[in-house]
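Using the sequences and the hints, build the whole thing.
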Amino acid sequence: MYLVKLYVTHKPSILDPQGEAIKKALHNLNHNSITSITQDKYFEIKIDANCKEDAEKVVKKSCEELLVNQNMETSHYEIKEV
Amino acid sequence: MKFAVISFPGSNCDNDLYYAIKDALGEQCDIVSSKTYNLDAYDGILIPGGFSFGDYLRSGAIAKLSPIMRAIKKAADDGKFIIGICNGFQILTEANLLPGSLIKNTNMQFVSSWEKVKVVNNKTMFTNNYKKDEIIKIPVAHGEGNYYCDQSTLKQLQENNQILFTYQDNPNGSVQDIAGITNKKGNVLGMMPHPERAVEDILGSKDGLKLFKSILNHKVRV
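Quick mapping for you: the protein sequence lines, in order, are chains U and G. Numbered according to this note's numbering, the first sequence spans residues 1 to 82. Numbered according to this note's numbering, the second sequence spans residues 83 to 304.
It should be emphasised that the hints constitute simulated quantities derived from the structure, not laboratory data. Since the model is a prediction, treat every value here as computed from it, not as a measurement. Among the hints, a few may not be true.
What the hints assert, rightly or not - Stretch-level coverage of chain G by chain U, calculated; a stretch enters the list once three of its residues show a Cβ under 8 Å from a Cβ in chain U:
id, region
1, 140-148
2, 283-289
As the list claims (entries may be wrong) - Listed next, the in silico DSS-like pairs over lysine-lysine satisfying Cα-Cα at most 27 Å (straight line):
id, chain 1, residue 1, chain 2, residue 2
3, G, Lys-156, U, Lys-61
4, G, Lys-288, U, Lys-61
5, U, Lys-60, U, Lys-41
6, G, Lys-117, U, Lys-61
All C-beta atoms in this analysis are idealised placements derived from N, C-alpha and C, irrespective of residue type, glycine included.
Below, the structure written as structure tokens:
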């Protein structure tokens, strides 16, 4: 069994209004040292695969087909056997 | 003509569209489940607004995997007309039947308002009943209606006259004030404003009805 920690983030060119709103709220709490914040997506995926390579194939295909919108998002992941 | 309105779990403008077609336009219309596999009986397909599959993951991302989408892609390839309104527009971009994406409004607010919309291209099957540069009044209601595409896609949209509608007072931050676009072939339209909510005077405007009449007009001329 493999555990994948997948991070899906906005491309830098895409405005993240949620992040901006959260930053403003934190500034209102006087956390003025915070210069930027983004709210992105985090997935934990368990995959029953024979080897790491097979598990990675499943992750990559899942990202292409559904989990990542190629127009506006980018992703990276960590994988380990559990 | 026979229209199909596709109902996904979470669609909530399907009845509005149904009555706009049946009562205001006077044409045949069925509400069709997104679990259906075949749309051969219909001349055109309408994908309504709402929150398909709760907008989980991203708006329209899960809806694009529904059984009906294969039939919608076939209909698009066959040259039938397809209109996605609001969530329908989001579904069409997620399914790659239209370029670009709809992202969160720049002002971080859900907008629900009457908008002045300009008919940029009136030489299409969806807009031939409007005058060029006509300003029409149509409502919007969305949190993720900010149309985004990269520069090369925008250039293609402009060069191929695929931009049909633009906002006068851009309510969501869309690139180039875009409110509605078609695919390159011109038979698939996506738009954030709701024409089905502007089909009778009692609703505040009937400017949306001309869009549906344009389709009939196009069919007659063909």
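Hint by hint, here is what the structure shows:
1. 140-148: holds (count 4)
2. 283-289: Result for this restraint: violated, n = 0.
3. G:Lys-156 with U:Lys-61: holds (24 Å)
4. G:Lys-288 with U:Lys-61: Measuring from Cα to Cα gives roughly 46 Å; hence the hint is violated.
5. U:Lys-60 with U:Lys-41: holds (16 Å)
6. G:Lys-117 with U:Lys-61: Holds: Lys-117 (chain G) and Lys-61 (chain U) sit about 24 Å apart, inside 27 Å.
Checked against the numbered hints above, the structure violates hints 2, 4; every other hint is satisfied.
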